[in-house]
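In the numbering used here, each residue carries its 1-based index in the sequence shown increased by 559.
These are calculated hints, taken from the structure and not from any lab test.
Calculated pairs, BS3-like style, for lysine-lysine (alpha carbon to alpha carbon, straight line, at most 30 Å):
1) Lys-796 / Lys-731
2) Lys-796 / Lys-588
3) Lys-701 / Lys-633
4) Lys-732 / Lys-642
5) Lys-588 / Lys-600
6) Lys-725 / Lys-633
7) Lys-796 / Lys-562
Now the in silico label distances, taken between C-beta atoms and shown as ranges:
8) Arg-746 / Gln-634: 36 to 42 Å
9) Gly-647 / Phe-669: 15 to 21 Å
10) Asp-806 / Glu-779: 24 to 30 Å
11) Ile-598 / Arg-746: 37 to 43 Å
Every residue gets a Cβ at the ideal spot worked out from N, C-alpha and C, and that includes glycine.
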Amino acid sequence: MAKVAILTGYGINADNELKQAFIAAGAEKAERIHINDMIEKPEILDEYHILGFPGGFSFGDHLGSGLVMAHLFKQNLKDVLDKFIADGKLIIGICNGFQVLVKMGVLPNFDGKWTQEVSLIHNNTGVFENSWLNVRFNPASKCVWTEGLDDMDIPIRHGEGRFITKDAATLKKIEDLNLNAVIYNDRNPNGSEHDIAGITDTTGRILGLMPHPEAFLVPENHPMWRRKEIKEAAGLKLLRNGVQYIDSRF
560 MAKVAILTGY
570 GINADNELKQ
580 AFIAAGAEKA
590 ERIHINDMIE
600 KPEILDEYHI
610 LGFPGGFSFG
620 DHLGSGLVMA
630 HLFKQNLKDV
640 LDKFIADGKL
650 IIGICNGFQV
660 LVKMGVLPNF
670 DGKWTQEVSL
680 IHNNTGVFEN
690 SWLNVRFNPA
700 SKCVWTEGLD
710 DMDIPIRHGE
720 GRFITKDAAT
730 LKKIEDLNLN
740 AVIYNDRNPN
750 GSEHDIAGIT
760 DTTGRILGLM
770 PHPEAFLVPE
780 NHPMWRRKEI
790 KEAAGLKLLR
800 NGVQYIDSRF
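I would like the entire structure built from these sequences, with the hints used as guidance.
Rendered as structure tokens:
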């Protein structure tokens with residue numbers, strides 16, 4: 560059964576949400592682990608199958624969203640995280656967690672050396688976006704988290720969610736390899752290139768996305784659950800994909 564480590568630390572504020580979401584998705588265990596504890600005892604990650612980077616404002620975003628957390632991981636935990644990935648385990652980064660993964664270089668990680676190739680910057684609207692919208696999932700993507708999912712209403716809440724690439728060649732490579740796993744469907748809230756809301760790596764086992772699936776765990780979370788007669792929380796399906804993938808392999 561899947562065991563999930565949820566990263567927590569200074570400024571992270573969606574760790575409890577993500578923990579409860581993974582439990583609801585069927586994980587055997589989901590535990591919050593402080594970044595300092597993981598740095599002090601990196602071998603603790605061997606006990607888990609999924610690593611979750613939650614949303615929030617890690618280290619206050621004072622030097623840029625996710626930048627400090629990304630630096631801490633890259634300087635102290637690169638070897639253990641490389642092993643975690645090589646062992647066939649899963650990683651998900653949501654909102655600030657997505658920002659951490661791209662600035663760490665784990666996504667998309669074309670060269671395997673954690674070189675940053677994309678980023679998430681201030682919304683082109685100039686405001687913090689906090690609303691529900693619709694996304695679609697690239698059916699050609701090999702991402703295990705999004706496999707088989709239909710279009711989904713899902714909440715967003717971010718000030719720095721505009722996905723950009725370092726050059727046109729990088730964007731083309733992402734799309735040619737179908738790493739653009741999550742795409743804004745009805746509107747682009749932040750000016751992201753080609754409406755990209757989330758990407759995966761070439762293994763399909765690492766996903767970063769700006770929308771918050773962990774905030775849609777019961778039908779009543781949806782602001783129009785009565786009018787749309789929503790019977791199932793769609794966000795739960797994405798996390799359940801990850802749990803079921805692990806359960807079938809470990």
